[in-house]
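Protein chains: 2
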Amino acid sequence: MSTLRRSIMLASRPKGAPSPENFSLEEDVMPEPGEGEVLTRTLWLSLDPYMRGRMSDAASYATPIAVGAAMMGETVGEVVASRDPRFAPGQIVVGAWGWQSHIVTPGDKLVVVPPGAPSCAYLGVLGMPGTTAYVGMKDIGKPKAGETVVISAASGAVGSVAGQLAKRAGARVVGIAGNSDKSLFVQDTLGFDDCIDHRDVMDLSGALKDACPNGIDVYFENVGGDLQQAVFPLMNDFGRIIMCGMVAEYNDTKPRPGPNLMAVVRKRLHIQGFIVSDKPEHFAEWRALAAPWIAEGSLRYREHVVDGLENAPGAFIDLLRGHNFGKLVIRVAEPTKGA
Amino acid sequence: MSTLRRSIMLASRPKGAPSPENFSLEEDVMPEPGEGEVLTRTLWLSLDPYMRGRMSDAASYATPIAVGAAMMGETVGEVVASRDPRFAPGQIVVGAWGWQSHIVTPGDKLVVVPPGAPSCAYLGVLGMPGTTAYVGMKDIGKPKAGETVVISAASGAVGSVAGQLAKRAGARVVGIAGNSDKSLFVQDTLGFDDCIDHRDVMDLSGALKDACPNGIDVYFENVGGDLQQAVFPLMNDFGRIIMCGMVAEYNDTKPRPGPNLMAVVRKRLHIQGFIVSDKPEHFAEWRALAAPWIAEGSLRYREHVVDGLENAPGAFIDLLRGHNFGKLVIRVAEPTKGA
Chain A
1 MSTLRRSIML ASRPKGAPSP ENFSLEEDVM PEPGEGEVLT RTLWLSLDPY
51 MRGRMSDAAS YATPIAVGAA MMGETVGEVV ASRDPRFAPG QIVVGAWGWQ
101 SHIVTPGDKL VVVPPGAPSC AYLGVLGMPG TTAYVGMKDI GKPKAGETVV
151 ISAASGAVGS VAGQLAKRAG ARVVGIAGNS DKSLFVQDTL GFDDCIDHRD
201 VMDLSGALKD ACPNGIDVYF ENVGGDLQQA VFPLMNDFGR IIMCGMVAEY
251 NDTKPRPGPN LMAVVRKRLH IQGFIVSDKP EHFAEWRALA APWIAEGSLR
301 YREHVVDGLE NAPGAFIDLL RGHNFGKLVI RVAEPTKGA
Chain B
340 MSTLRRSIML ASRPKGAPSP ENFSLEEDVM PEPGEGEVLT RTLWLSLDPY
390 MRGRMSDAAS YATPIAVGAA MMGETVGEVV ASRDPRFAPG QIVVGAWGWQ
440 SHIVTPGDKL VVVPPGAPSC AYLGVLGMPG TTAYVGMKDI GKPKAGETVV
490 ISAASGAVGS VAGQLAKRAG ARVVGIAGNS DKSLFVQDTL GFDDCIDHRD
540 VMDLSGALKD ACPNGIDVYF ENVGGDLQQA VFPLMNDFGR IIMCGMVAEY
590 NDTKPRPGPN LMAVVRKRLH IQGFIVSDKP EHFAEWRALA APWIAEGSLR
640 YREHVVDGLE NAPGAFIDLL RGHNFGKLVI RVAEPTKGA
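Listed in order, the protein sequences are those of chains A and B. With this note's numbering, letter number 86 in the first sequence gets 86, and the count goes up by one each step, no holes. Offset between the second sequence (1-based) and this note's numbering: plus 339.
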């Protein structure tokens, strides 16, 4: 066992887009678990757009990461040492947080990964992003058969699940994705009815109008920016906008103006934000629902794997540019035996 | 009985603020009710901000008034002639629509005003504006004890009821009104905890912050414009914005930008528009609830009465400038015997 722990720290707060200088790779002494704690060796690290918010000290729903502290992110890890009787070395667990090779976590926060799906899926389709898509559709979007549902970042970890849920509800589903490969994947593999490659169209509003001849009943907002401006005028009466994220604006140093809200009155729109962690019970609910779909192959997903903890900063910078294709995960280490 | 009917017609569509030239007073032959119809003589005409939308041909939830047609507005009238067996001359009814001295209406659309409150109240506190306040608070705002609720246009027909409902729910209620008389009325008569005279403060955001030291949980939006911009950053996590109207922007010829919506995600805001007429069952529900409160004096309201149908255009123009003080009604005629 190595005697040093590697960690990616927040070296400084980014102004605008993060750059490599905002991160530093550091080594320190391997930590030891205290009473009730567990030491894990990280196998997989999840990288998600929301982490950009944690790098800022602007007001947010979560405490910012301190400069000089390790970056935060959910991991799948292998138990190395345990002082919680419920865990033993070799077990694969989720719930340890950090861009780190090894993490000490109270046993209460950890869950053993059940068999049936690759452990990595618990960071994506069966984890936070999948649950986010589920909650957004179930509590806010509520798509009905025959309605038109638009999904931004459609090939991404959240959008890919959100769109498939809308298809299951019988809706016509139109994705927005960032290149032609993603767009094909969204249609051919995920089974959306249509997908717009927003980097390929001159007139996004026009393309969206063509793809949604009956207007838009539900919009799953992951992106913001020009796309939000294009979607807003096409919303139908009683439309729902699931406010999940606005990744296109995360690097903005000054907030852009939003849409005029008079349409919200006229069209009786329902616009609602949510954070998946507000209701932790949704995680188990979603896993119970989705695991059989994964097993039978009826819920599709795609992972974008980058090897090596040291490559996490670069992969994260690319994620904010939309350069990933599927759920972005860092393969930090191999399990001792297949996991 | 007079032999001519007087009507205020839409002479032309306003660009920006309506002016007297957009209206014309015309006389025509007194209409006669057909089978199943009722002729009423208008006693009271309701003037409300939403009518500005009907004067435009921009997309709306309702068909615009045709140029050359009578302006629309709800009335209280006295039955003059009836070919519906349920109605007889002398009865006081609501449900006839038009800026007109006499109106023919299918009997199905009319309701006899019950005794107990002045008939005029059925255009205000017990009618559309009161029901609007009720639905907005019940279905969207859902104020809880101890929460902070901000009401724009607080002395108006909708705002005055909305704030009193929030007080009944145990919330701290802060009004925004357009002059010092209104502001005093909102506090002293309606019983709000505080009221800001928005024309009297240099720094609306600062004044609002001072009045809402714990932030804002519920905002009843009647106004839009600068006030909306000031409210938005003060919204608390899980806040609700009841999108009822944006009267400050109704005369705009180009929509203003709205607030950036990333706060909707971060704070899990719920922003929802509604139109009271979408669920007609709410009208009776509200009347049943509120009539005893009116009778016992625990629900307060104020009417702004202007005499004469010919003065409706001027009164309406002033309404959009906020020059009314309370629910604006036109006294078109006196009842044959007290009503």
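Don't read these hints as lab results, they were simulated from the structure. Everything numeric in this text was worked out from a predicted model, so none of it was measured. Careful: at least some of the hints might be erroneous.
Facing chain B, a subset of chain A residues (Cβ under 7 Å, in silico) [unchecked claim]:
1) Lys138
2) Asn260
3) Arg266
Think about it this way: if two alpha-carbon atoms lie no more than 27 Å apart in a straight line, the pair counts; the simulated DSSO-like pairs of lysine-lysine are [as the list claims (entries may be wrong)]:
4) B:Lys593 - A:Lys142
5) B:Lys483 - B:Lys618
6) B:Lys483 - A:Lys138
7) B:Lys481 - A:Lys279
8) B:Lys448 - A:Lys142
9) B:Lys448 - B:Lys481
10) A:Lys209 - B:Lys676
11) A:Lys138 - B:Lys593
12) B:Lys506 - A:Lys138
13) A:Lys209 - A:Lys142
14) B:Lys477 - B:Lys354
15) A:Lys138 - B:Lys481
16) B:Lys477 - A:Lys279
17) A:Lys279 - B:Lys354
18) B:Lys354 - B:Lys593
19) B:Lys448 - B:Lys618
20) A:Lys144 - B:Lys477
21) B:Lys593 - A:Lys144
22) B:Lys481 - A:Lys254
23) B:Lys548 - A:Lys254
24) B:Lys483 - B:Lys506
25) B:Lys593 - B:Lys448
26) A:Lys142 - B:Lys618
Non-contacting residues of chain B with respect to chain A, defined by C-beta distances greater than 10 Å in every case (computed) [to be verified]:
27) Gly375
28) Arg425
29) Pro454
30) Gly455
31) Asp576
32) Asn590
33) Arg595
34) Gly597
35) Ala602
36) Gln611
37) Asp646
38) Gly653
39) Leu658
40) Gly661
All residues carry an ideal CB built from backbone N, CA and C; glycine is no exception.
Comparing the hints with the structure gives:
At a threshold of 7 Å, the smallest CB-CB gap from A:Lys138 to chain B is about 15 Å, leaving the interface hint violated. For A:Asn260, the shortest C-beta to C-beta distance to chain B is roughly 4 Å, which falls under 7 Å, so the interface hint holds. Annotation: A:Arg266 was flagged as interfacial toward chain B, and the flag holds, the nearest CB pair being 5 Å apart, inside 7 Å. Restraint check: the Cα-Cα separation between B:Lys593 and A:Lys142 comes to about 33 Å, which exceeds 27 Å; the hinted pair is violated.
Of the pairs offered as hints, the one joining B:Lys483 and B:Lys618 holds, with about 24 Å between alpha carbons and a cut-off of 27 Å not exceeded. With a C-alpha separation of about 25 Å, the suggested pairing of B:Lys483 with A:Lys138 holds against the 27 Å cut-off. Under the criterion of a C-alpha separation no larger than 27 Å, the hint pairing B:Lys481 with A:Lys279 is consistent with the structure, at around 20 Å. Between B:Lys448 and A:Lys142 the CA atoms are separated by roughly 34 Å; this puts the pair beyond 27 Å, and the hint is violated.
Under the criterion of a C-alpha separation no larger than 27 Å, the hint pairing B:Lys448 with B:Lys481 is inconsistent with the structure, at around 31 Å. About 59 Å separates the Cα atoms of A:Lys209 and B:Lys676, which puts this hinted pair outside 27 Å; it is violated. At most 27 Å may separate the alpha-carbon atoms for a hinted pair to count; A:Lys138 and B:Lys593 exceed this at roughly 36 Å. With a CA separation close to 33 Å, the supplied pair B:Lys506 and A:Lys138 exceeds the 27 Å bound.
With a C-alpha separation of about 22 Å, the suggested pairing of A:Lys209 with A:Lys142 holds against the 27 Å cut-off. Taken as a hint, the B:Lys477 and B:Lys354 pair is broken in the structure, with Cα atoms around 36 Å apart against an allowance of 27 Å. Under the criterion of a C-alpha separation no larger than 27 Å, the hint pairing A:Lys138 with B:Lys481 is consistent with the structure, at around 21 Å. Between the alpha carbons of B:Lys477 and A:Lys279 the distance comes to roughly 24 Å, so the proposed pair stays at or under 27 Å and holds.
Between A:Lys279 and B:Lys354, the direct Cα distance comes to roughly 49 Å. Violation of the 27 Å bound is thereby established for this hinted pair. Restraint check: the Cα-Cα separation between B:Lys354 and B:Lys593 comes to about 11 Å, which is no more than 27 Å; the hinted pair holds. For the hint pairing B:Lys448 with B:Lys618, the CA-to-CA distance comes to about 15 Å; that is within 27 Å, so the pair holds. Of the supplied pair hints, the one linking A:Lys144 and B:Lys477 holds, its CA atoms being roughly 25 Å apart against a limit of 27 Å.
A hinted pair counts as satisfied when its Cα atoms are at most 27 Å apart, and B:Lys593 with A:Lys144 does not qualify at roughly 34 Å. Taken as a hint, the B:Lys481 and A:Lys254 pair is broken in the structure, with Cα atoms around 33 Å apart against an allowance of 27 Å. Among the hinted pairs, B:Lys548 with A:Lys254 is consistent with the structure: their alpha-carbon atoms are about 22 Å apart, no more than 27 Å. For the hint pairing B:Lys483 with B:Lys506, the CA-to-CA distance comes to about 10 Å; that is within 27 Å, so the pair holds.
With a CA separation close to 36 Å, the supplied pair B:Lys593 and B:Lys448 exceeds the 27 Å bound. Under the criterion of a C-alpha separation no larger than 27 Å, the hint pairing A:Lys142 with B:Lys618 is consistent with the structure, at around 20 Å. Every Cβ of chain A is farther than 10 Å from the Cβ of B:Gly375; the closest lies at roughly 31 Å, confirming the non-interface assignment. Residue placement check: B:Arg425 keeps its beta carbon more than 10 Å from all beta carbons of chain A (closest about 33 Å).
At roughly 35 Å, the least C-beta separation between B:Pro454 and chain A is larger than 10 Å, which holds for a residue marked as non-interface. Annotated as non-interface, B:Gly455 keeps its C-beta farther than 10 Å from every C-beta of chain A; the closest such distance is 32 Å. Interface exclusion of B:Asp576 from chain A breaks down, the closest Cβ pair being 7 Å apart, not more than 10 Å. The claim that B:Asn590 lies off the interface holds: its Cβ sits roughly 12 Å from the closest Cβ of chain A, which is beyond the 10 Å cut-off.
Not every beta carbon of chain A lies more than 10 Å from that of B:Arg595, the smallest distance being close to 6 Å; the non-interface claim is violated. A cut-off of 10 Å between C-beta atoms contradicts the statement that B:Gly597 is not in contact with chain A; the least separation is 4 Å. In this structure B:Ala602 is not separated from chain A by more than 10 Å, as the shortest Cβ-Cβ distance comes to only about 8 Å. Interface exclusion of B:Gln611 from chain A breaks down, the closest Cβ pair being 5 Å apart, not more than 10 Å.
Distance check for B:Asp646 against chain A: the nearest CB is about 32 Å away, which clears 10 Å, and the non-interface claim stands. The Cβ of B:Gly653 sits about 25 Å from the closest Cβ of chain A, beyond the 10 Å cut-off, so the non-interface label holds. No beta-carbon of chain A comes within 10 Å of the beta-carbon of B:Leu658; the shortest separation is about 17 Å. At the 10 Å boundary, the C-beta of B:Gly661 stays outside the reach of chain A, the nearest C-beta of that chain being 17 Å off.
The structure fails hints 1, 4, 8, 9, 10, 11, 12, 14, 17, 21, 22, 25, 31, 33, 34, 35 and 36 (numbered hints given earlier, in ascending order).
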